[in-house]
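Generate the whole structure from the sequences, applying the supplied hints.
Sequences listed follow chains A and B, in order.
Mapping of the first sequence onto full-length UniProt numbering: position 85 corresponds to residue 85, and the numbering continues sequentially without gaps.
Mapping of the second sequence onto full-length UniProt numbering: position 59 corresponds to residue 59, and the numbering continues sequentially without gaps.
These are calculated hints, taken from the structure and not from any lab test.
Treat the hints with caution; some may be incorrect.
Stated by the list, open to error - Per the computed footprint, the stretches of chain A lying under chain B, defined by three or more beta-carbons under 8 Å from a beta-carbon of chain B, are:
# : stretch
1 : 27 to 34
2 : 68 to 80
3 : 119 to 129
4 : 143 to 152
What you are looking at is a predicted structure, and each value in this text was computed from that prediction instead of being measured.
Using N, Cα and C, we set each Cβ at its ideal position, and we do this for glycine too.
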Amino acid sequence: MDDDEAVTRALAGDLDAYEVLVTRYSAVAHRTASLLGAADEAEDVVQEAFVKAFRHLKGFRRGSSFRPWLLRIVANETHDLTRSRGRRSDLAVRLGREREPYGPGDPEDPEGAAVDADGRSRLLEAVRALPGGEREAVVCRYFLQLSEAETAEVLGVRLGTVKSRTFRALRRLREEVGREHFG
Amino acid sequence: MSTSDDNDPIAPEDLEARLRALGEGLAVPPVPPPADVARAVRARIEDSGADDRARRRWAAWRPSPRVAAAAVAVLMAVLLGATPQGRAAVVSVLRFAGVEIHVGGAGPLPTGAPSPLPGERRVTLEEARRTARFAVAVPSALGEPSDVRLADGGRVVTLLWPGVRLDEFDGTLGVVWHKELGEPFPEQVGVVGGWWIPRSHGVSYVPAGGGAPREERVAGPTLIWQHKLVGLRLEGPDRAEALRIASSVR
Numbered sequence: 001m002d003d004d005e006a007v008t009r010a011l012a013g014d015l016d017a018y019e020v021l022v023t024r025y026s027a028v029a030h031r032t033a034s035l036l037g038a039a040d041e042a043e044d045v046v047q048e049a050f051v052k053a054f055r056h057l058k059g060f061r062r063g064s065s066f067r068p069w070l071l072r073i074v075a076n077e078t079h080d081l082t083r084s085r086g087r088r089s090d091l092a093v094r095l096g097r098e099r100e101p102y103g104p105g106d107p108e109d110p111e112g113a114a115v116d117a118d119g120r121s122r123l124l125e126a127v128r129a130l131p132g133g134e135r136e137a138v139v140c141r142y143f144l145q146l147s148e149a150e151t152a153e154v155l156g157v158r159l160g161t162v163k164s165r166t167f168r169a170l171r172r173l174r175e176e177v178g179r180e181h182f183g
Numbered sequence: 001m002s003t004s005d006d007n008d009p010i011a012p013e014d015l016e017a018r019l020r021a022l023g024e025g026l027a028v029p030p031v032p033p034p035a036d037v038a039r040a041v042r043a044r045i046e047d048s049g050a051d052d053r054a055r056r057r058w059a060a061w062r063p064s065p066r067v068a069a070a071a072v073a074v075l076m077a078v079l080l081g082a083t084p085q086g087r088a089a090v091v092s093v094l095r096f097a098g099v100e101i102h103v104g105g106a107g108p109l110p111t112g113a114p115s116p117l118p119g120e121r122r123v124t125l126e127e128a129r130r131t132a133r134f135a136v137a138v139p140s141a142l143g144e145p146s147d148v149r150l151a152d153g154g155r156v157v158t159l160l161w162p163g164v165r166l167d168e169f170d171g172t173l174g175v176v177w178h179k180e181l182g183e184p185f186p187e188q189v190g191v192v193g194g195w196w197i198p199r200s201h202g203v204s205y206v207p208a209g210g211g212a213p214r215e216e217r218v219a220g221p222t223l224i225w226q227h228k229l230v231g232l233r234l235e236g237p238d239r240a241e242a243l244r245i246a247s248s249v250r
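As structure tokens, then:
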């Protein structure tokens with residue numbers, strides 16, 4: 001069942017069809033909520049977002065992509081949560097594995113892995129330090145690997161805004177990471 | 001990593017690749033299994049919208065006058081009532097075109113191979129047409145059936161094509177089939193004036209002479225509708241295909 005059929009059936013009240021959509025997009029929804037700052041409340045945010053999406057399914061423009069439409073609701077829920085908690089929508093993540101299989105250097109080389117991990121943690125800190133709008137653009141474009149158009153839809157901004165925020169963020173990151181290399 | 005490398009500015013595409021790799025390696029809080037999320041979301045939708053949905057279900061179906069007339073004749077009784085026992089209990093009963101559907105139980109338990117209907121025998125389409133107590137309809141979308149069965153003294157005719165089973169029966173006089181299914185409630189299908197059961201469910205045959213329903217078997221998603229005085233249940237195709245087939249019955 002593709003998204004369009006699932007939406008059609010869900011609109012007719014078919015909850016089985018909606019379960020298909022929830023199952024399909026549950027992981028990316030959780031990831032989006034976490035990366036946009038929902039922290040340990042990501043589960044609540046995601047469930048609430050799916051319930052709201054079901055109620056507002058009539059507002060979904062048929063023929064467009066379901067994923068960014070859903071993720072925008074997830075992003076809005078996350079914003080509401082962080083606002084209500086009076087806290088900064090931070091990157092609620094930490095570095096995962098010690099080293100990346102696709103990272104530079106020989107994966108069997110512990111020294112190379114340590115250097116790589118160090119570089120990654122500096123880069124993550126630099127992303128954390130970005131102004132909110134730029135950080136969200138980076139999260140969507142690179143951490144969630146959304147297209148520019150999807151990012152614009154998810155964040156509810158114009159395409160040009162996504163481009164300029166991404167551009168400024170990359171410039172800032174390049175400066176930050178470059179400066180630390182000297183230090 | 002050499003010092004000269006460190007001093008080189010990072011190429012834009014290199015930085016983007018590093019950001020993507022960083023994202024892939026980030027540990028987010030543990031994600032619950034998608035099926036659990038789907039169940040939780042469904043429960044929240046059902047809890048909050050039970051009344052809305054019941055209203056919508058009836059409001060959304062706007063039959064044509066012809067269908068409405070047929071529906072009045074065949075919609076013998078629709079009893080909707082919540083029971084205090086909650087989810088595990090049968091919450092609603094739908095009787096339509098000779099099919100009685102109990103919705104809200106746990107759904108069927110597999111019971112093995114289906115047993116034949118009482119007095120079931122293989123016949124030709126012509127013989128079925130002569131013997132059946134009703135006018136046997138053949139959907140033009142499927143053409144000649146590959147197998148025809150007649151059962152219970154002409155009360156039920158079963159037409160079979162590869163992967164498709166169409167039971168036809170006298171849908172006006174009493175309950176012929178008994179179905180047990182879990183939520184959701186079947187979906188009303190206005191095009192053919194019938195009901196679509198999207199999930200696997202238990203079905204048992206209620207013999208003409210009355211008595212206990214015969215052994216239950218598990219049926220796949222099924223479309224139930226009525227054509228003139230004939231009740232039909234179509235099992236095998238998906239919803240779209242089932243509607244296409246049903247619409248081709250003349």
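- Residues of the stretch 27 to 34 of chain A with Cβ under 8 Å from chain B, three needed, outcome: holds (count 4)
- Task: Check whether three or more residues of the stretch 119 to 129 of chain A sit with their beta carbon closer than 8 Å to a beta carbon of chain B.
- Result: holds (count 5)
- Test coverage of the stretch 143 to 152 of chain A by chain B using CB-CB distances below 8 Å; three residues minimum. Coverage by chain B holds for the stretch 143 to 152 of chain A (3 residues, Cβ < 8 Å).
- Given that the stretch 68 to 80 of chain A was listed as covered by chain B, double-check it with a C-beta distance under 8 Å for 3 or more residues. Coverage by chain B is violated for the stretch 68 to 80 of chain A (0 residues, Cβ < 8 Å).
In summary, the one numbered hint that this structure violates is 2.
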